[in-house]
Structure formats: structure tokens, C-alpha cells
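Engineer: Just add 3 to the spot in the sequence shown (first one is 1) and you have our numbering.
A few of these clues could be false.
The list that follows gives simulated cross-link-like pairs (lysine to any residue, SDA-like), each with its CA atoms no further than 25 Å apart [claimed, not checked]: (1) K119 - P21; (2) K119 - Q25; (3) K119 - F19; (4) K119 - A44; (5) K119 - V105; (6) K119 - L63; (7) K119 - R84; (8) K119 - R62; (9) K119 - Q77; (10) K119 - G67; (11) K119 - T55; (12) K119 - R52; (13) K119 - R13; (14) K119 - A93; (15) K119 - E18; (16) K119 - H69; (17) K119 - L64; (18) K119 - D104; (19) K119 - R96; (20) K119 - F86; (21) K119 - G95; (22) K119 - R98; (23) K119 - P91; (24) K119 - Q101; (25) K119 - R88; (26) K119 - D106; (27) K119 - G94; (28) K119 - V82; (29) K119 - V89; (30) K119 - E92.
Label-pair restraints from in silico Cβ distances [claimed, not checked]: (31) F6 - E81: 38 to 46 Å; (32) I45 - R13: 20 to 28 Å; (33) F90 - P15: 13 to 21 Å; (34) S34 - F90: 35 to 43 Å.
Derived by calculation from the structure, the hints in this document are not laboratory data. None of the values given here were measured: they were computed from a predicted structure. We treat Cβ as the ideally placed atom computed from N, Cα and C, and that holds for glycine.
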Amino acid sequence: KHFPNVFAVRLPENEFYPAAGQGAIGLEIRSGDAVLAFATAISHPETWRKITAEREFLRLLDGGCHTPVGVYSQLSGEVIRLFARVFPEAGGRPRIGQAEDVDPIAVALQLFNSLK
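Use the sequences and the hints to build the structure in full.
Structural biologist: So this is what it looks like as C-alpha cells:
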């Protein structure tokens with residue numbers, strides 16, 4: 004189907020950072036549940052590492068779904084590059100930073116500390 008009255012533009016990820024974990028699907032499964040084998044089979048370790056870093060950064064900010072922050076991660080081999088823009092709630096210019104590390108928790112902490 005075509006929608007002649009709809010105009011859409013793809014926003015480049017490196018310019019418009021999404022919310023932490025945006026686009027990832029999370030599953031909560033009881034311990035010992037048979038569904039765990041299925042979930043493990045479809046798990047994507049690279050995405051898991053990136054989302055862990057993004058969510059840890061948000062946790063360090065004490066942020067939530069209404070916190071004015073965009074965070075974006077990339078993998079290059081084992082290295083996670085984490086980028087963030089933290090906007091003041093009263094408006095104004097964002098604090099912008101980036102960090103890289105092989106550990107998702109460490110990279111989030113580095114980025115958090117650089118934006119204090």
C-alpha cells in the first residue's frame with residue numbers, strides 16, 4: 004500500500020540518539036521454565052552487551068522513560084562505544100559524551116563520570 008500523504012525521514016543514529024534499549028525485546032522467564040531454552044536460542048549476545056551498557060548508563064543517571072537523555076552504542080570487535088546526550092530538564096544545551104571499553108558496565112560508568 005502507498006500512503007501519499009505520509010512523509011517520513013530516517014533519522015541517522017549518530018545524530019538522533021534513541022532512548023536506552025530502544026528497539027530491543029526483553030523477556031522475563033521463570034527459573035527452570037522450558038521457555039528458557041527457546042529464549043537462549045534466539046538471544047543475540049552483541050545486542051545484550053550494548054543494551055546492558057545503555058541501561059546501566061540510564062541507571063547511573065537515576066533516569067527513566069521520562070528522562071531527557073539519548074544513548075546509543077556501537078560494537079567494534081569486543082569494544083563497546085557508548086554515546087550520550089543528556090538534556091537539562093529546564094531546556095538548554097545538552098551535555099554530550101562518549102566512552103569505550105570492552106565491559107558494558109565499565110563503559111557506562113566511564114561515560115557517566117565524564118558527564119558529571
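Engineer: Evaluate each hint against the coordinates.
Structural biologist: Going down the list of hints, with the structure as the test:
no., hint, result
1, K119 - P21, "holds, 21 Å"
2, K119 - Q25, "holds, 24 Å"
3, K119 - F19, "holds, 21 Å"
4, K119 - A44, "violated, 39 Å"
5, K119 - V105, "holds, 22 Å"
6, K119 - L63, "holds, 11 Å"
7, K119 - R84, "holds, 18 Å"
8, K119 - R62, "holds, 14 Å"
9, K119 - Q77, "holds, 22 Å"
10, K119 - G67, "holds, 18 Å"
11, K119 - T55, "holds, 20 Å"
12, K119 - R52, "holds, 24 Å"
13, K119 - R13, "violated, 31 Å"
14, K119 - A93, "holds, 17 Å"
15, K119 - E18, "holds, 22 Å"
16, K119 - H69, "holds, 19 Å"
17, K119 - L64, "holds, 10 Å"
18, K119 - D104, "holds, 19 Å"
19, K119 - R96, "holds, 15 Å"
20, K119 - F86, "holds, 15 Å"
21, K119 - G95, "holds, 16 Å"
22, K119 - R98, "holds, 9 Å"
23, K119 - P91, "holds, 12 Å"
24, K119 - Q101, "holds, 13 Å"
25, K119 - R88, "holds, 12 Å"
26, K119 - D106, "holds, 20 Å"
27, K119 - G94, "holds, 17 Å"
28, K119 - V82, "holds, 23 Å"
29, K119 - V89, "holds, 10 Å"
30, K119 - E92, "holds, 15 Å"
31, F6 - E81: 38 to 46 Å, "holds, 42 Å"
32, I45 - R13: 20 to 28 Å, "holds, 26 Å"
33, F90 - P15: 13 to 21 Å, "holds, 18 Å"
34, S34 - F90: 35 to 43 Å, "holds, 39 Å"
Checked against the numbered hints above, the structure violates hints 4 and 13; every other hint is satisfied.
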